Each structure stands twice: as structure tokens, then as C-alpha cells.
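Chains as they are written, first to last, in our numbering: chain E, 1 to 418; chain F, 1001 to 1418; chain D, 2001 to 2418.
Since the hints were made in silico from the structure, they are not lab data. Fair warning: this is a prediction, and the values are worked out from it, not measured in the lab. Backbone N, C-alpha and C define an ideal beta-carbon position, used for all residues, glycine too. Keep in mind that a hint or two might mislead.
Said to hold, decoys possible - Just the calculated beta-carbon pair ranges, DEER-fashion:
id, chain 1, residue 1, chain 2, residue 2, range
1, E, 111, D, 2184, 48 to 56 angstroms
2, D, 2036, E, 185, 33 to 41 angstroms
3, F, 1202, D, 2184, 52 to 60 angstroms
4, D, 2217, F, 1037, 57 to 65 angstroms
5, E, 111, F, 1402, 52 to 60 angstroms
6, E, 264, F, 1217, 51 to 59 angstroms
7, F, 1054, E, 142, 37 to 45 angstroms
8, E, 142, F, 1195, 26 to 34 angstroms
9, F, 1182, D, 2110, 19 to 27 angstroms
10, E, 186, F, 1185, 26 to 34 angstroms
11, D, 2142, E, 185, 39 to 47 angstroms
12, F, 1182, E, 54, 41 to 49 angstroms
What the hints assert, rightly or not - Quick look at which bits of chain E chain F covers, simulated, 3 or more residues with Cβ under 8 angstroms:
id, region
13, 267-281
14, 327-333
15, 354-368
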Amino acid sequence: MTSPTTPSDSGHTSAPAPEGHAPRRRSWFKPRLDWLLVFVPIAIVLRFVPAFDNPTALFVVSCIAIIPLAGWMGRATEHLAEHLGQGVGGLLNATFGNAAELIIALFALSKGLTGVVKASITGSIIGNILLVLGLSFLAGGLKFRRQEFNRVAAGVSATALTLAAIALIIPSVFHQAAALVPVAAGGWTPEKEQGLSLAIAVVLFLTYALTLVFSLVTHRELFGAEDGKDVAREAGEELTRMEAEQHGHGHKPWSVGKAAGVLVGATAFVALISEFLVGAIESARESLGLTEVFVGVIVVAIIGNAAEHSSAILLAVRNKMDISIGIAVGSSLQIALFVAPVLLFASYLFGQPMNLEFTIPEVVAVVASIIIVEQIASDGESNWIEGLQLLSVYAVLAILFYFLPDVHPAAGAHTPAH
Amino acid sequence: MTSPTTPSDSGHTSAPAPEGHAPRRRSWFKPRLDWLLVFVPIAIVLRFVPAFDNPTALFVVSCIAIIPLAGWMGRATEHLAEHLGQGVGGLLNATFGNAAELIIALFALSKGLTGVVKASITGSIIGNILLVLGLSFLAGGLKFRRQEFNRVAAGVSATALTLAAIALIIPSVFHQAAALVPVAAGGWTPEKEQGLSLAIAVVLFLTYALTLVFSLVTHRELFGAEDGKDVAREAGEELTRMEAEQHGHGHKPWSVGKAAGVLVGATAFVALISEFLVGAIESARESLGLTEVFVGVIVVAIIGNAAEHSSAILLAVRNKMDISIGIAVGSSLQIALFVAPVLLFASYLFGQPMNLEFTIPEVVAVVASIIIVEQIASDGESNWIEGLQLLSVYAVLAILFYFLPDVHPAAGAHTPAH
Amino acid sequence: MTSPTTPSDSGHTSAPAPEGHAPRRRSWFKPRLDWLLVFVPIAIVLRFVPAFDNPTALFVVSCIAIIPLAGWMGRATEHLAEHLGQGVGGLLNATFGNAAELIIALFALSKGLTGVVKASITGSIIGNILLVLGLSFLAGGLKFRRQEFNRVAAGVSATALTLAAIALIIPSVFHQAAALVPVAAGGWTPEKEQGLSLAIAVVLFLTYALTLVFSLVTHRELFGAEDGKDVAREAGEELTRMEAEQHGHGHKPWSVGKAAGVLVGATAFVALISEFLVGAIESARESLGLTEVFVGVIVVAIIGNAAEHSSAILLAVRNKMDISIGIAVGSSLQIALFVAPVLLFASYLFGQPMNLEFTIPEVVAVVASIIIVEQIASDGESNWIEGLQLLSVYAVLAILFYFLPDVHPAAGAHTPAH
């Protein structure tokens, strides 16, 4: 570590006092998402009672209903992870962290909505590192003048993100270059794009597996905000503690049975509502006047990550910057290195192979986000203007996707040369 | 601050001795620009005496005449700022810092020369961070082996520049992507480009306003090269002191009346000469064999920034790196986040709305400049080779713009699809 | 230096013990390349005995035969450099470091294979910073938990690489933009591309010369891994020491005569075998089903750099990270700033002027490599996952070039507009 264990590391000295007794402030950010569960039965009624048949309403209600369900999935995963010990628990956390998004994307994939799936991958990456991290830095920065974090851990994640960005650019570069050559001379064909994408997905997946070995096994202490604990575990404990404070009772871990039961139940409901949501996308987005890419990049991505959003912001306000950044950047990383390859592999099961070719605006959005987050994370400290800068970039990209018509990579100027 | 208050911060220890008694060296860089004022009456004669009608001569003479006038505007602004107190003074400095460029651009805008305006925005951004900073690092590095600066302040500015670069890429990305879709299906139209540009300009303008709040209000001390002074104020004092040394009398701030009078007078002359300059651009550039984009990117940008150029270099030779970098990077920042949006807003008043779509070479030039300056600034120290590397990038970009024919974004391959 | 002379700088404290008495481990990496010299006579037989006429076999055998010859050229250069003193010796090392690649490229150029030449420039740049550095970080990281290096020296080199990347992007940007304009209005022509490339090559060459002045003259101590020695010299000594250990006798520098003789002899053989290799490329790559660009980017680049590869990895395992990085990054730098311009200048002698326009995939590969290496080098320390990340990027780019058909920049969509 270059910063030699700075004493104010993560602000353990300054944080407790202001945060322990500031209920007025904290209530602002309290993740009181549970009352949103009322939208689950509403969604079921809208879907199955013919009198209420309204795809737009179903879409909106399903979007809202998924938010608290994803939160329960996350909590159950963390409680289960505590019982499974550090190694397996960390793996569980890392694998199920984006389960809600994965489920929504799988349903979209089964309906052949590959444009929405790719857009939601893009949106999850930029949403986590611009919107979540931006709001965390801003909220934390309004309370604390300056917040510090472990820049070595942030750096390893940022580099992995750069690797992901490069991998996600390549299929577009291939298409653009190979389309200049006639097919007879080896030019672009959908099969080659597919083969290229599959090979890249394998590299990403292996890199993800080895990154887990690095962060959970060989260099675990780098990611430990405090001695002997990894970020995922501390995040779980911290969130449980916050939850306990809210409900007015002490911290009590769930039993294995309760955790597993809640996980299965919440996952089942997420799957059900995701099916509603995806089924209603097409008619809803038309009546709302939104493009497929805007729905994927902005709407679906925000819904699927809402639970992480509130956790990361809450932790930033408590000056637990390492965990906050770990959630935001780690989630982006997992989407790019784990969820994207898994979706590509899964697309073969549905008989509709998806490639990894993103549109140019999507590629630019991902690259731009990663460059600016790398820059902001490299100094190991944050303040409110850095949060605002991240949010400004998010706003600029949201404007782009709002104005952008649906572009299908296979259409237009990039068709194979004859 | 990550660098734990390095004692040699800005080299206050090493600088005084060599610089206090080295008049031979300093005379090299002395900003003896005032004699250039003789070109002001020459420009007026060339413009109004029919016998001397020669657009090329008028263009060249006007270019030269603006340099000392811009210098006087800057000095008057600084003296006025001293009377107005830190907050308002800083705001004045930040707002009027690029007034000469703004005036030239407004005249060009009123004549519909949007290509020149955009090229001069590009040129000011890359000119300040490559040419000015490069010459500063080189000149300072020839005198001092190694110069240090506050890398946190440099980092905040570099991040803001990255944000600006992303914002200026987006309209081109939008055009390229949306042009693949037929207009009937939501494809590219000039109106959409305009709407997108306007929305982005609003985001940039708001970000600039909040960045001023950050640097002038909440985190003022970050930008203070010495305790309790902001960079703008210290820059003013330092420059006044240098000026006083040259003229052989003590440091004496101007009265409010004198400062305001000089400001009004210099601004009026800048406006007059700008009108000459812009009026002569078209015929002059043809007879000189230069393209519109080369005139905008290289010529107009160098003229408009000449005063900052000499100040920044002078300060680097005196080892006041924080102020030198503050001028160069701050000026780029202001062009991108303040001048560009203001010009877009103003273009509506002229009835010829300008968008923010830059050509690909302009976008590449801005992005490349920002990436290399970010890299060079991130270690908090400079030497002569870093200055030379910045100048090499400037040379490469100047070569590009010299060879490049005038490309109009709306023409060529990027027209809307049918 | 920002990192305040860390005591474990380059691990001089921890390295000696484990490496001095670990023959089992070291034997793994022993550069026993000399037995490959047996392929030299085999290549000669394949080339000149009509009965064995087989271009594919000749290509493969020549590739292998060049590896040990390049190693002998390198060793002779180092021994000669020791006799010539620091300044001239450093210059010799810096100039002849990539002599084998230069010779292969000159032969390819003389046959008009400019596509292969450009591809091998790309491949050498990305091969050195992704493959060599990646393997070094991985091999070093498997032995040492964490390795440190001088991040200031690494930063100067990374910045020079960024400059090179910008310079190599510009000719493609020029082509794309100028091709939109009719030739009559100043649009793209091969002559303009040539003029632009020549001007850029001159800037790169001058920058390289001044970078040598910086690293060998004015700021030599920055690059000294230990007091008073430059990296090239220490690399030479370290490698000689390793060699001596292998052969069981003490370190004994060669005489000037022996060094010069070996240099001339090895160079002559490299030239001979390069001629075979280049002559066989066309028929060999067809029978192997490889594209011109894959052969250039992956095959020729790995062959030409094999000697550096083994040295850099060996040094990383001995925890001499500064020298290891110096070899890998320095070699990339030299290819971009020295070899590429020299090849362009030389192409005029062959009457077939080459320009510096690379294909988009080549440009993306170089830019991506430089961005990720910059990021990984900026913290001044390495571990195995960073090595793996570099190798993953290399794998992704190798996949791209494997799938990519041969794209000729002058063909396809980028022809001049009419």
C-alpha cells in the first residue's frame, strides 16, 4: 500500500461522533423501501385481472415492486454469507450481488430483446460508477469536508474496469473494420462476430474468477477496511447494524433456514415481476415515448441497482467510503466481467445467441465513465465537487440516450460490404 | 491533501534566491507587450483609410494589436478584483479571464462563422494546456531541476476538463449514431442536434457555477498557494509586483476608478479590433492559404490567449507553479465550461443558433490534450521533458490542422439517412 | 520523487536472500536460448537446398532461429556499451535495443510489405507493454507478494508513450476527416497523407532525441535504480551476472574486439535469416491460414522481442522491477519514437514511401494498451493480478487480430470523396 496505513483511514476517528447521534440527518437517507412491497400485489393484479389490463401501468408498477424485492435478496444473501465463512460467503456475495439484474436480463433475453439486455449492461456499469458513486461522494461530501479511501483497492478495481471497457469496445471495432472487406475475402459475418464475442466472454469470465481469487484469497487484506474482515462482510455487518437501529432492536443474524428461505422467496418474486416488466416493456415504452436504449440504459439499470444505490449512499454519509466505493465499483465490475459473459453463455440455451457488440454511444458512455471514475478515484480522497462532476457526466450521458433513436448495430452503414 | 504538506511546496524555499537577482535571465521573458499598442492606430488606419484597403494586412495587424489590449483588460480586472474582496473579486477574475476571446467569438458568431468559433474554442482549450503549460514547464524546467505543485488542485481541474471533453464529444457521437436511422424513425435532424447541445450547455454552465462555489467558497484553501490567499488573488499580486519591478517603482494598486476606466476602455478597443479581425478573416485566410479551422484553432486561439501565455511562463520561471498551472488549466476550463455554453446561448440572440458539434479532429485534439495533461499533472511535479512532451503534442496537432481541409460536420458522409 | 525514497526501493533488501540460493526455481526461467542456434543452419539448408523447398517450414524455422541471434546481438551491445562509458554506452544501448526488429522491418519494407511493417510496429508496442510486462508482473508476483518500482521514471515513459499514441492516431483521423472533402476542395490524397506522416515522424524523432538527453544527461539519476548507475548499465551487469551463474564462472566483461566481432557476426546472421523470414511470409501465412496483420502484430512482434521478453521476466523474478519495467516500456517507447520514424525515413530510400496511417484496430490496440499500462504503473507497485490483467488485455487484442481480415486503409469506405 502506497499510503502507509493512514490513521484516518476511512475516517474511523472522525466518523462515529457525528454519525452516532444525528438521527435527524440520517432519516433523510433511511432505506425505508419495504413499504414499496405493496406494489408487488398491485403488479400481480394488473397482470392477471383482465379489467386492469394496462401495459404502461404494469411496467411502472413492476419497476417499483422490484426495488424492495432486490433489497431483500441482497439482505438474505448477506445473512447466508455470514454462516458460510469468509471464502464461500464472499463468493456468494460476489455472485449474487447483481442477481436481480441478471434475472431481468435473462427474461429479456428469452424474448429476444438483446438490445434492451445490452443497454441494461451499459446502464448498470455507468449507473453504478456515475450515479451511485456520484451521489455517495456528494452526500458524504456535504457532511464531511474531505473523505479518504484506500486508493490501492480502488485502483485494482478501476484497472479491471478498464480491461472490461477494452473488451467491450473490441466487437464494435471488429465490426467496423471487418465490414470494409467483402465477405468472400474474410469480411464481417454475424458468425464471426459471435465467435469473437464468445472468445472475449471466456477471457472476461476467467479474469473475473482470478480477480475473486485475488480479492478473496491471496490479497484479501488489501480489501479489508478493518483488520481481518473483507469489505463484503463489513458491508453486511454495517448494513445489518443500520437496519437494526431503524427497527429499534439489536443486531441479530438470521438463521441459515430463514436466510435461505427469504432468498428463495425473494428470488421467486423477482423472477415473477421481471417477467411482467419485460413483457410490458415494448408497449409501455411506446406509449411513454421512450426508446429501447433509454429504457435499458436509464430505467432498467436504475431499478435493478436501487438497493445498492441506497446502501452505498448511506455508507458514504457514515464515512465508510471504502465499503461505499466497494459496492459501487464492485457492482460495475461484476456486471462487466461476470453478468455480461454469463448472459452471453445463457443466450445459447435460449437458442438466440447474443454477441457483445455494443453501439458506439454505449461504448463511448462506458469508456467515458471509466476514464472519469479512474481519475477521481486515483487520489484516494473525495469531496462534494467530485460527486457533482460524476453526476454531471451521468446527466450528459442521459441526455444523449434520451435524444438517441434506437440504433441497431447490424443496420445502417455497417452492413457487410458486397 | 495526499502529499503531506511538502515543505518545498511551490518551491518557496529555493525560488527567491535565484530569481531575485537574475535580471539577465528574466529580461528574456519580460512581458514588454505595451509597445505592441502601436498596432492599434495602424489597424484603425488600415480599416478606415480606403487607400490602405488590404484585408490580409488588416488581419495580421489586428491580431497583433489585440495582444496588448487583452493584457490591459486582464490587469484592470485584477486591480478591480482586489477592491471587491475575495469572493466577488474571484468571481470577476474567473468570469472576465477570457473576455477577449469571448468578444472575438461573439463577433465571429454574428457573422455566422460558427466554424471559426468552434475552432477557436478547440484552439483555446488545447493552446492553454499544451502550448502555455508546455512552455511554462519547459521555461521553468530549464531554470529549476524539478518543480512541485499541489496535485490535488491540479487534479480537480483536470477532472473538470475530462467532464468538459466528454460533454464536447457527445454531440458528434449523437450525430454519427443518429444519422444511421431514417428521419422518420427518429433519425438525425439539425433540431435534435440543437436540443441536445442546448441541454448539454446547461449542464456545463451549472457545473461551472458549482465549481466556482467549490473553489471560491467551500474549499477555497485547496487553491491557496499560500495561507489565506486564493490563486487568482496571488496571481494578481505577483503580476503587479513583476510589473512594478520592470517599471522601477513600488507595488501600488490602482484605484477603483482607474481600474474600471481602463477595463471599459480596453474592452471597447478589443471589441473594435475584434470586429476588424473577424471582418478580414475570410479574405485574409484565402490569400494566406490557410483553412478556416487552422485560423480558428491555431491563430485566433494564440492571439486571444497571448496575455495569459506570457503571465504563466513568467510565473513558472519564478517557480510559482501553482499559479502558473492555475492560469493555464483554469483558462482551458473556463473556455470549455463557461465560454462555450455562453456562446451557444448568445447564438440564439443573433438568430443563428450554434450547436456544440465539433468535427472529429477537433474532438480528438481536445481529448488527446486532456489525457496527456492529466497524466503529466498527476504526479505533482514537472521538469523540462514534460514541457517538451506537451509541446510535441501541440506540434503534432498543429500539423494535423495545417493539412486538414475545412470539414463541415453537416456535409459529407454524415448527412441524415434517407 | 513523490514516493519519499522508500527503503524497500526495488526490493534490494528482500530480493538477495531468496534468489541467491533457489536454483530449483530459477532454472525454470533460465534463458537457455543458445541451443536454438541449431535452427540457423537448418534455415540455411531449407532456403538453399532445392529438395527442401518449403516456405512454411522456412518461415517457422527462421522465426525460431532469430530468437537466439537477437539475444547475442543484445549481449554484444551491452558488453560494448560497458567499454564506451555511460553516455555513449547508454546511447548505443538505446539505439541498438531493437536492432533485430528494425532489420526484419527493413527487409519487409524493401519487399513493399508495408502492412506487415506497420502491424509489427503495433505488435511490438503492445507486445512489450502487455505481454512482456504482464508476464513480468505475473512471474514476479507469484514469488513476491508485492513489488515496488520508481513510479516517477515509469511515469515519464508512460507519458512519452501517450505522446506516441496521439501521434500514431493523427494520420488515421486525418484520413477519415479529409476523405469527406472532395479532392478539388483540398480533400484526402496519398501525397498529403505522406506529407503529414513525414512531419509527424520528424516531431517524434526529435522528441526521442531529447528524451535521451533527459534520461542519459540531465536527469540521469531518475533512471538509476542504484546510485550512479543507469538502468541500461545495471541491466547489462545484472544479465551478465545471471549468465555467469549459469555457466558456472565469474563475471568477466568481453573485450572490445570480442564484443564488436560478436555484434557484427550476429547482426549479419540476423539480416540473413530476416531475409529468409520475410521472403517466406506470404506463402507461409496463406498455408497457415493467418492474415498479414496477425502475422505482423502477433508472430513477428513476439519473435523480434523474445530476447527482451526473457530478460525482463528473469529480472522481475529477481525483484529488479525498475530494470524489468525499463526494458519492457523502454522498448515500446523506442519502437514508437525511434524505429517507426526511422522506417518511414528509410522507406524513401527504397522508393516506396510508407506513411504512418495505421488501421483503426491497430490504433485502438495501441491506445488501449497505453491507457491500461499507464493506470497499472501509476501506483508504483505491482502484484500478480495486475500482470494477469495486462495479459487479459493482450488475449483480447490477439483474439481481435485473429478474427480480423486484412484491412488496407486505402481500400473500402475511406477512399477519397469524388
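Going through the hints against the structure:
1. E:111 / D:2184: 48 to 56 angstroms: Holds - the Cβ-Cβ distance for residue 111 (chain E) and residue 2184 (chain D), about 52 angstroms, lies within 48 to 56 angstroms.
2. D:2036 / E:185: 33 to 41 angstroms: holds (36 angstroms)
3. F:1202 / D:2184: 52 to 60 angstroms: violated (41 angstroms)
4. D:2217 / F:1037: 57 to 65 angstroms: Violated, since residue 2217 (chain D) and residue 1037 (chain F) (Cβ atoms, about 43 angstroms apart) do not stay within the stated range.
5. E:111 / F:1402: 52 to 60 angstroms: Between residue 111 (chain E) and residue 1402 (chain F), where Cβ atoms are some 54 angstroms apart, the hint holds.
6. E:264 / F:1217: 51 to 59 angstroms: holds (52 angstroms)
7. F:1054 / E:142: 37 to 45 angstroms: Between residue 1054 (chain F) and residue 142 (chain E), where Cβ atoms are some 60 angstroms apart, the hint is violated.
8. E:142 / F:1195: 26 to 34 angstroms: Given a distance of about 32 angstroms, which is inside 26 to 34 angstroms, the answer is holds.
9. F:1182 / D:2110: 19 to 27 angstroms: For residue 1182 (chain F) and residue 2110 (chain D) the Cβ distance comes to about 50 angstroms; the hint is violated.
10. E:186 / F:1185: 26 to 34 angstroms: Hint holds: Cβ distance 32 angstroms, inside 26 to 34 angstroms.
11. D:2142 / E:185: 39 to 47 angstroms: holds (43 angstroms)
12. F:1182 / E:54: 41 to 49 angstroms: For residue 54 (chain E) against residue 1182 (chain F), whose Cβ atoms are near 31 angstroms apart, the range 41 to 49 angstroms is violated.
13. 267-281: Violated - the region 267-281 of chain E has 0 residues with a Cβ nearer than 8 angstroms to chain F, which falls short of three.
14. 327-333: Result for this restraint: violated, n = 0.
15. 354-368: holds (count 5)
Taken one by one, the earlier hints fail for this structure at numbers 3, 4, 7, 9, 12, 13, 14, listed in ascending order.
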